[in-house]
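S.K.: Spelled out from the first residue to the last, the chains are:
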Amino acid sequence: MTWFQEWIEFLNVNLPLIVDLTVEHVALVGLAILVAILIGVPLGIYLTTNEYLASTILQAASIMMTIPSIALFGVMIPLLSIINKGIGFVPAFIALVLYSQLPIIRNTYTAIKNVDPGVRDAAIGLGMKTVQRLFRVEIPNAMPVIMAGIRTAVVMNIGIGVIAAFIGAGGLGVMIVQGIVRTDQYLIVTGSIAVSLLAIIADVLLGSVQKWLTPKGLETNS
Amino acid sequence: MERKKFVSLMVRYGFYALVIYFFVWSFQKNYFSYLFKETETFVLLTRQHLELVAVSSLLAIAVALPSAVLVTRPRFRQTEWIFTNLANLGQTIPVLAVLALMISILGLGFKTAVFALFIYSVLPIFRNTVAGLNSIDDRLIDAAKGMGMKPHQILFRVELPNAAYSIMAGIRTAIVINVGTAAFAFLIGGGGLGVWIFTGIRLFDNSALLSGAVPVTLLAILADYLLRLLEYVVVPKGTRPSANA
Amino acid sequence: GGKQVTIGGKNFTEQYLLSQMTVFMLRERGFDVDEMNNLGSTVVRKALVNKQIDLMWEYTGTALVTYMGKEPIADPGKAFEKVKELDEKRGIKWMNMSEVNNTYCFVMDKKEAKKYGIRSISDLAAYVRKHPGELKMATDAEFANRPDGLKGVEKRYDFNFGAEQVKQLETGLTYTALASGEVDVAMGFSTDAAIEKYDLLILKDDKHFFPPYYAAVSIHEDVYQKYPEVEEVTQKLADRLDSATMRKLNYRVDVEGKSVSVVAHDWLVKNGLIEK
Amino acid sequence: MITFDHVTKIYEGDVKAVDDVAFTVEKGDICVLLGPSGCGKTTLLRMVNRLESITEGEIRINGKSNRDLDTIELRRSIGYVIQSNGLFPNMTIEENVTVVPSLLGWDRKKKRERYHTLMELVGLDPAEYRKRYPHELSGGQQQRVGVARALAADPPVMLMDEPFGALDPITRERLQDEFIQIQREVKKTILFVSHDIDEAIKMGNKIVLMRDGKIMQHDTPSEILVHPKNEFVSRFVGKDRAIKNLSLHTVEDLQKEIGLGDINETIQDTKTVNIHQDLRNTLSTLMNQEAEQVIVTDDHGEKLGTVTIDHVQRYLHLEIREKAPVSTEG
Amino acid sequence: MITFDHVTKIYEGDVKAVDDVAFTVEKGDICVLLGPSGCGKTTLLRMVNRLESITEGEIRINGKSNRDLDTIELRRSIGYVIQSNGLFPNMTIEENVTVVPSLLGWDRKKKRERYHTLMELVGLDPAEYRKRYPHELSGGQQQRVGVARALAADPPVMLMDEPFGALDPITRERLQDEFIQIQREVKKTILFVSHDIDEAIKMGNKIVLMRDGKIMQHDTPSEILVHPKNEFVSRFVGKDRAIKNLSLHTVEDLQKEIGLGDINETIQDTKTVNIHQDLRNTLSTLMNQEAEQVIVTDDHGEKLGTVTIDHVQRYLHLEIREKAPVSTEG
Ligand SMILES: Nc1ncnc2c1ncn2[C@@H]1O[C@H](COP(=O)(O)OP(=O)(O)OP(=O)(O)O)[C@@H](O)[C@H]1O
Ligand SMILES: Nc1ncnc2c1ncn2[C@@H]1O[C@H](COP(=O)(O)OP(=O)(O)OP(=O)(O)O)[C@@H](O)[C@H]1O
Ligand SMILES: [Mg+2]
Ligand SMILES: [Mg+2]
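Protein chains in written order, with our numbering: chain A, 1 to 222; chain B, 1 to 245; chain C, 1 to 276; chain D, 1 to 330; chain E, 1 to 330.
Hints are computed from structural coordinates only; laboratory data are not their basis. Worth double-checking, as some hints may not be accurate.
Claimed, not checked - When the alpha-carbon atoms are kept at most 27 angstroms apart in a straight line, the in silico DSS-like pairs for lysine-lysine are as follows:
no., chain 1, residue 1, chain 2, residue 2
1, D, K16, B, K5
2, D, K239, E, K303
3, D, K110, A, K129
4, E, K256, D, K239
5, C, K151, B, K29
6, E, K110, B, K150
7, A, K113, B, K4
8, E, K109, B, K150
9, E, K271, D, K244
10, B, K29, C, K51
11, C, K3, A, K85
12, B, K29, C, K70
13, E, K202, D, K244
14, E, K244, D, K239
15, D, K109, A, K216
16, D, K202, E, K244
17, C, K51, A, K85
18, D, K110, A, K216
19, E, K64, B, K150
20, B, K29, C, K89
21, D, K239, E, K271
22, B, K111, C, K136
23, B, K237, E, K109
24, A, K85, C, K226
25, D, K271, E, K244
26, B, K237, E, K110
27, B, K37, C, K151
28, B, K37, C, K136
29, A, K129, B, K4
30, D, K244, E, K244
31, B, K37, C, K70
32, B, K5, A, K129
33, C, K84, A, K85
34, B, K37, C, K155
35, E, K131, B, K237
36, E, K271, D, K229
Said to hold, decoys possible - Facing chain D, according to a computed beta carbon distance under 8 angstroms, are these residues of chain A, among others:
no., residue
37, G118
38, V119
39, D121
40, A122
This one's a predicted model, so the numbers in the text were calculated from it and none came from an experiment. Using N, Cα and C, we set each Cβ at its ideal position, and we do this for glycine too.
Given only the sequences and the hints, what does the whole structure look like? Please build it.
M.R.: Structure, rendered in structure tokens:
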């Protein structure tokens, strides 16, 4: 049998495992992103009203990003052991949420900031209330950039999610790590292809969501 | 106005307090004991870590810059999207997989780790360099041509200096990520501070963990800081984004 | 509202297999089973103590020496009783000790061992004392840093590789490193298939440093109270397993490249432990 | 009616953008704020609908201080055309035009009708543009939509900040003409910012000429041209202001004041001008031909009389004397 | 001398940007390429220094086809001011200005001197700007630096693509005046792109008016104003072209052609104009006062004679007759 045939065979046998791990991976990353959006987008919007805070938060978030992923996952262990949640889903989830913050906050912040001041002025001058202005003008016009931030975060997190395997949070990383331990090419290849595919699919899907959320009038400008 | 400033200050000092508290807490719990108990090992691991990062980053720069310059030349313009897409695709492959797959090609150890890190760093540098070169205003190139500059003069006097910010940003991202990624070199016997991090994770030994993780984090932050300084020196003053804001 | 348990596992093949088999068997008995595997010994232990997991296959030696910090006990039965007794006050119940003894060992390439004239760990120690900085050793992070690991061995046999000579890497890769000539000595587990695969020599532990590491189930007392049938289920498994069987199963996974779940499933079916 | 009652604006950092400005825009008038870049025109305008706070003084709209009105309601009752048109890129043209009616909760039918009326008013086909987006329109078309949007809720007062600023001269002139036409129908009270003297002369009933936040002169266009109050005004309107002034008057005005000359049938080759032609172009025609006179025709081509350079000059002097009998300046 | 010998440019996709264009720019002249947006002005210009290839025909510089010259040398011998100034953001002002001298390998001292000369020429303080970067300068200042840079190696030929395009009218006028001054000193052969008729009249010895890649008229400014060759040219220069034409001539020109009138000492209140004043402003002064005449003075204030509207008109007709005796159009 050629390597390729064997690999197909391997896929056949292990399909349930692959599916399980993929689901786990998606659940972990998906939930983390969801929470990250719920925190990051409103925070980013709020920051546009407070310059001082904006620079503080953005600095903090970018330092967050420089923390190596394995170190962050690692540090979660002693910290969360305090509440007996040192390994598994919770620390992985928190680490991923933290990692997503910079692209989401920064993009939301700059997108809203960069809404043409003329357009913002017009909205105020026509008598829109703050909330109306936000939802009718600023957010729609900032949408492409906000979505781009979310896409970056998702693709990044799908990759980082692999490391979650080291602290028992499962996911596709398990395949890769087992592959290393057992020097099993099939496991490694399958695991990493699955992760890559997941990232590409997520990116494409979010691309269409982005397109769908982007007001038609902005398409040629962005 | 004043209230906003106040909130911001509170948050800023809140962060500082958290960080300080974290260190105090770790010291109290004796979580940095490895640093003192096994200083020799620490020096060894740090040296290995730095070697991994330095060798792989330099290689990456040496490969990424020329190839990015090459694919942005008019002759290769048509093929550029292939490289850019390949680069994008490459970014979706997890680090671990790159490391793991290298084992079967290069075996275990330092060489393999360097190679995997190199592969991982090439992409951001390449992408940013291409983006930087492409984002240069065509009119600048026109002006340069119209002045009678030769192609290499245009490249070195106009294109590269004006793309320097973007290139440096790519290098900085790559190296900072590299510092973190080098921690995985342990898995394939490449050494580095990852040894303690993984020991810590495997043994639930917070001392080993923090003695590895905190120095790696500080190294990453330090690298970021130093590269920012370098950026300040390398990037011409007139092309820094803050200058045009 | 069904029966729900979480199984923990460590990061090597045998553990994947044990954990996977238990999962299959419990599933058949209507359990809803979560797996949390791929963890280091101490982590998985901590998870058990913290109730993040409910049960796992643990080794008597590891528990006694690493977790409880006691002197090793050579007799397997006594070791088991001791562990069981000590863990009772933590609310953890030990049961179903199997015949699987997965102790640490030092392995070398047979030819090379002959060349250096090394047969036992004492021989190794003597050689290293005479030629410091020549031989290299591969170990995983856990063994390198456990008190009953490399440091303990070096102390008992009175030698020292030196930090530069010890290569730490991921558990299964110590054999790869040995096979590729990166190192001269590797740490291994006595049930590992790679020993057979690469035709390696297990150095004799002539000073009896390594205690017996028999696999047994450790489970939370209250989980046990809730689902006493777990004992009966895992008992069947423990009865059929021994070191030889385990090495064979490991071989199928590590050398033949079969997947853990397939190997586990096949074996369970063949032994009538689950229906197909 | 908009009254500026000694209004001063000081920005943070002690920039006095508007300095003790007092004047009134009468109901139905277009008042043009004119002046060099940075003189405070935009600032003054934006204080009216409270986009900028007022440091000192008061702005009254129909007698009521704008401080006492609810901001949102105040702004909705004032049409605002922004310096750079500020259309919402995310909304279609129809949504842009009817954005204020939407905020006011009009029903769909009423909005649709209003959209039609407005687009026709600014000379764009309502059906053609309904589903388009701002970026699909040329600069001139966008400006029109901006004006339509500001007119949507039929506000009695309009603020227009260089609404025809960034346009090429030809489009600009067309829009100006159209807007004068619209204003004849809608009769709003308009505060109009410009930095172009020609535009100010053309559009304004009154001009407020500013410099460094202060009013230099507040007068009718013709008065500013003929009797600039000081050196700055005089320099701002330019040396050829007499010729500029001519563009404010038509042959018809001249006919009313001093009558036309007789038609001397013996002169050949004489050109004709329409009675609604302005005097500047008429003078240009006169200078460019060898005959002393041009023949004036009405809209049906019937010859009404002749005009000579002498006529034009006499008319100009009459204008000056009439409007400011004592002045010797200019 | 630049000769366009039936030059045609077809872009990919069959866009005929320049269509069989033939004319010559004489040594020391400013030739203005004028026309609406997209008519091919930039394309024509860029073919001269071979930034665009020539599809058909030939461009000769001092009799030599630019195809036969080395591209790099050709470009170094031609100063190029780009539509949007195109200063290099990474270089200081000094580096920008001396970029061509650097390429030519001048020594530091010579470059420094050249920098000083050039900056003074364009009216900027050399010391103050030396270490600054382009983004720290205003638009008008950047334009000047752009011009200085193009002049650096003292090229005999200059290509200037709307060099004063994106500026406000006041700055623009000042730069134009300064540039005319500079040209008097440096006497380059200049091809100058503009889409503004007033600028073309002011700057050009010759105007090439283009439309859709074809030459509509190639003439002196005055000729184009007085005798537009067709409807397009006539519309492009505008209805008040006679008055525009006046700004091309000074009282001195008039004096030379037809002499001044006598001074009638009895008339009071008469204004004076300087003999270098242009006729447009002189006419404006005449229209604006009640007297029939203004007194002409020389630079020392000595009275030389008088001018009346009649004088102006006669001069204009003479000009027209002299230059194109058979034309009846206009
Ligand atoms: N938000 C602000 N903070 C501080 N100073 C300001 C602010 N806005 C405007 N200024 C200053 O106030 C003065 C007047 O500005 P304003 O925008 O009203 O001028 P303008 O007459 O509209 O000019 P333009 O014709 O260029 O639009 C200027 O000196 C300007 O720099
Ligand atoms: N690189 C190109 N490829 C295809 N067509 C082009 C290209 N450059 C210009 N054109 C077309 O050629 C024509 C002339 O363009 P050109 O830039 O010369 O006009 P222009 O007179 O300089 O206009 P403007 O006043 O707007 O600068 C236009 O129709 C333009 O769309
Ligand atoms: Mg303004
Ligand atoms: Mg052009």
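S.K.: A separate judgement is required for each hint: does it hold in the structure or not?
M.R.: Hints versus structure:
The hinted pair formed by K16 of chain D and K5 of chain B meets the criterion: a straight-line CA distance of about 26 angstroms does not exceed 27 angstroms. Distance restraint check for K239 of chain D and K303 of chain E: the Cα-Cα separation of roughly 21 angstroms lies within the 27 angstroms cut-off, and the hinted pair is therefore satisfied. For the given pair, K110 of chain D sits about 23 angstroms from K129 of chain A by alpha-carbon distance, which is consistent with the 27 angstroms threshold. At most 27 angstroms may separate the alpha-carbon atoms for a hinted pair to count; K256 of chain E and K239 of chain D meet this at roughly 24 angstroms.
Distance check on the hinted pair: K151 of chain C and K29 of chain B sit about 24 angstroms apart at the alpha-carbon level, within 27 angstroms; holds. Between the alpha carbons of K110 of chain E and K150 of chain B the distance comes to roughly 22 angstroms, so the proposed pair stays at or under 27 angstroms and holds. Straight-line distance between C-alpha atoms of K113 of chain A and K4 of chain B comes to about 17 angstroms, which keeps the hinted pair within the 27 angstroms bound. For the given pair, K109 of chain E sits about 24 angstroms from K150 of chain B by alpha-carbon distance, which is consistent with the 27 angstroms threshold.
The hinted pair formed by K271 of chain E and K244 of chain D meets the criterion: a straight-line CA distance of about 19 angstroms does not exceed 27 angstroms. Taken as a hint, the K29 of chain B and K51 of chain C pair is honoured in the structure, with Cα atoms around 23 angstroms apart against an allowance of 27 angstroms. Among the hinted pairs, K3 of chain C with K85 of chain A is consistent with the structure: their alpha-carbon atoms are about 22 angstroms apart, no more than 27 angstroms. For the given pair, K29 of chain B sits about 23 angstroms from K70 of chain C by alpha-carbon distance, which is consistent with the 27 angstroms threshold.
At most 27 angstroms may separate the alpha-carbon atoms for a hinted pair to count; K202 of chain E and K244 of chain D meet this at roughly 19 angstroms. The straight-line distance between the Cα atoms of K244 of chain E and K239 of chain D is roughly 14 angstroms, inside the 27 angstroms bound, and the hint therefore holds. Between K109 of chain D and K216 of chain A the alpha-carbon distance is near 24 angstroms, which keeps this suggested pair within the 27 angstroms criterion. This hinted pair checks out: K202 of chain D and K244 of chain E have alpha carbons roughly 19 angstroms apart, not beyond 27 angstroms.
A threshold of 27 angstroms between alpha carbons decides the hint, and for K51 of chain C with K85 of chain A the separation of about 9 angstroms falls inside it, so the pair holds. For the proposed pair K110 of chain D and K216 of chain A, the alpha carbon gap of about 25 angstroms is at most 27 angstroms, so the pair holds. Of the supplied pair hints, the one linking K64 of chain E and K150 of chain B holds, its CA atoms being roughly 22 angstroms apart against a limit of 27 angstroms. Only pairs whose Cα atoms come within 27 angstroms are accepted, and K29 of chain B paired with K89 of chain C is accepted, the gap being roughly 25 angstroms.
Taking the CA atoms of K239 of chain D and K271 of chain E, the gap is about 13 angstroms. The hint holds against a cut of 27 angstroms. Of the pairs offered as hints, the one joining K111 of chain B and K136 of chain C holds, with about 17 angstroms between alpha carbons and a cut-off of 27 angstroms not exceeded. For a cut-off of 27 angstroms, the pair hint linking K237 of chain B to K109 of chain E stands: about 24 angstroms separates their Cα positions. Between K85 of chain A and K226 of chain C the alpha-carbon distance is near 23 angstroms, which keeps this suggested pair within the 27 angstroms criterion.
Distance hint between K271 of chain D and K244 of chain E is fulfilled; the C-alpha atoms sit about 19 angstroms from each other, no more than 27 angstroms. Restraint check for K237 of chain B and K110 of chain E: the C-alpha separation of about 25 angstroms stays at or below 27 angstroms, so the hint holds. At most 27 angstroms may separate the alpha-carbon atoms for a hinted pair to count; K37 of chain B and K151 of chain C meet this at roughly 14 angstroms. In summary, the hint linking K37 of chain B to K136 of chain C is supported, as the alpha carbons are separated by about 23 angstroms, within the 27 angstroms threshold.
Restraint check for K129 of chain A and K4 of chain B: satisfied, since their Cα atoms lie roughly 21 angstroms apart, inside the 27 angstroms limit. Simply put, K244 of chain D and K244 of chain E have alpha-carbon atoms about 12 angstroms apart, close enough for the 27 angstroms limit, and the pair holds. Restraint check: the Cα-Cα separation between K37 of chain B and K70 of chain C comes to about 23 angstroms, which is no more than 27 angstroms; the hinted pair holds. In summary, the hint linking K5 of chain B to K129 of chain A is supported, as the alpha carbons are separated by about 25 angstroms, within the 27 angstroms threshold.
Distance restraint check for K84 of chain C and K85 of chain A: the Cα-Cα separation of roughly 25 angstroms lies within the 27 angstroms cut-off, and the hinted pair is therefore satisfied. With a C-alpha separation of about 17 angstroms, the suggested pairing of K37 of chain B with K155 of chain C holds against the 27 angstroms cut-off. For the hint pairing K131 of chain E with K237 of chain B, the CA-to-CA distance comes to about 10 angstroms; that is within 27 angstroms, so the pair holds. Taking the CA atoms of K271 of chain E and K229 of chain D, the gap is about 18 angstroms. The hint holds against a cut of 27 angstroms.
Interface restraint check for G118 of chain A: the shortest CB-CB distance to chain D comes to about 4 angstroms, inside 8 angstroms, so the restraint holds. With a least beta-carbon distance of about 5 angstroms to chain D, the hint placing V119 of chain A at the interface is held under the 8 angstroms criterion. Taking 8 angstroms as the C-beta contact cut-off toward chain D, the hint placing D121 of chain A at the interface holds, the least distance being around 6 angstroms. The criterion of a C-beta within 8 angstroms of any C-beta in chain D is met by A122 of chain A, whose closest approach is roughly 3 angstroms, and the hint holds.
Against the hints set out earlier in the document, no violation occurs for any number.
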